[in-house]
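So the chains spell out like this:
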Amino acid sequence: MLKAQIVIMDLFFAVFLFIVLLVSFFVSWNVYQLRFSDALMRNEVELYTLQLADQLLKSPGVPENWEDFNSTPDLIGLSSKSIIISDKKLEAFKNLGYANIVNSTNVGLYNFYFLLVKDNVSIVEIGNYSSGQAVNLRRNVIYKDGVANVEISLWK
Amino acid sequence: MLKYHYGSKAVVFTLDVLIAITIFALVYFVSVYYVSKASDNGFSQLQMTALGSDILALLDHTGVLGSLNANLTYNKTRELLPAGYDMRITAYTADGFSFDTGNIQLSDRFVGAGKRYFAVGSDYGEARYWIWVKE
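Heads up: the protein sequence lines correspond to chains A and B, in order. Counting in our numbering, the first sequence runs from 1135 upward without gaps. Counting in our numbering, the second sequence runs from 363 upward without gaps.
A hint or two may mislead.
Using 20 Å as the maximum straight-line C-alpha spacing, the simulated SDA-like pairs for lysine to any residue come out as follows [said to hold, decoys possible]:
| id | chain 1 | residue 1 | chain 2 | residue 2 |
| --- | --- | --- | --- | --- |
| 1 | B | 399 | A | 1164 |
| 2 | B | 477 | A | 1193 |
| 3 | A | 1215 | B | 425 |
| 4 | B | 477 | B | 422 |
| 5 | A | 1278 | A | 1251 |
| 6 | B | 477 | A | 1216 |
| 7 | A | 1192 | B | 422 |
| 8 | A | 1192 | B | 478 |
| 9 | A | 1192 | B | 411 |
| 10 | A | 1215 | B | 423 |
In silico negatives: residues of chain B with every beta carbon more than 10 Å from chain A [claimed, not checked]:
| id | residue |
| --- | --- |
| 11 | 434 |
| 12 | 440 |
| 13 | 445 |
| 14 | 457 |
| 15 | 460 |
| 16 | 461 |
| 17 | 479 |
| 18 | 481 |
| 19 | 490 |
Everything labelled a hint here was simulated from the structure, so no lab data went into it. Ideal Cβ positions, reconstructed from N, Cα and C, are used throughout, including at glycine.
Please work from the sequences and hints to get the whole structure.
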């Protein structure tokens, strides 16, 4: 084989390899970009869920006695003391309705689900549970002098 | 090597591309590995740490921590812990009393930790917790 032919073959092979590399790079780049934006969005929802759980279960809300007024509070909180759920606040929370809760908790972009269970009995359930891409958080609280579980879910 | 295959004829372009592919693939896979590793498990670790914090708060509010009773703290912790988790709690008071619920921590996995101050009569104590997924 002539040297010139080898060089041309070499060039073609190199160009072919380069094109294969370029195509595989763009395909995998797109796949990872999608995965990365999904992961980013999920991280954001996870962060919101954690913040929301802390807000609801560890703070009394703003104003502190918001349950005594008929208006929507600036910030909803359900605890009289960290993780001790106030029955009065819980009742007011239930009466606020889904739309007011979503507005007051600043989770308008997401769907919201709240469930308080004590001794396997559902005490308060707000929203409709999604079994799909929801971020679920389960926390232990004290309700009526006993241990209860709160489940909070957010999803797009 | 080139001489072995082609005598004096070169394969410069192919060699060049192969070297470029190797370097590129190395950088690409290392970056993909670290990006995917960074986004792994963050939420479950935070959730586990929050679970530990909730349990310590429950023990405090129900007076278990204030009793300074290691056995009671251990038993109550086991009642509250979901299956699949393990937790160690240590506490000491300002006047030098201390206890340890005494499970050994594992070094090969994530361990969530935190601390809480609690009231013991007119004094105070400091409790620490470590929580991890069981083997």
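| task | If any of the earlier hints don't hold here, list their numbers in rising order. | result | none
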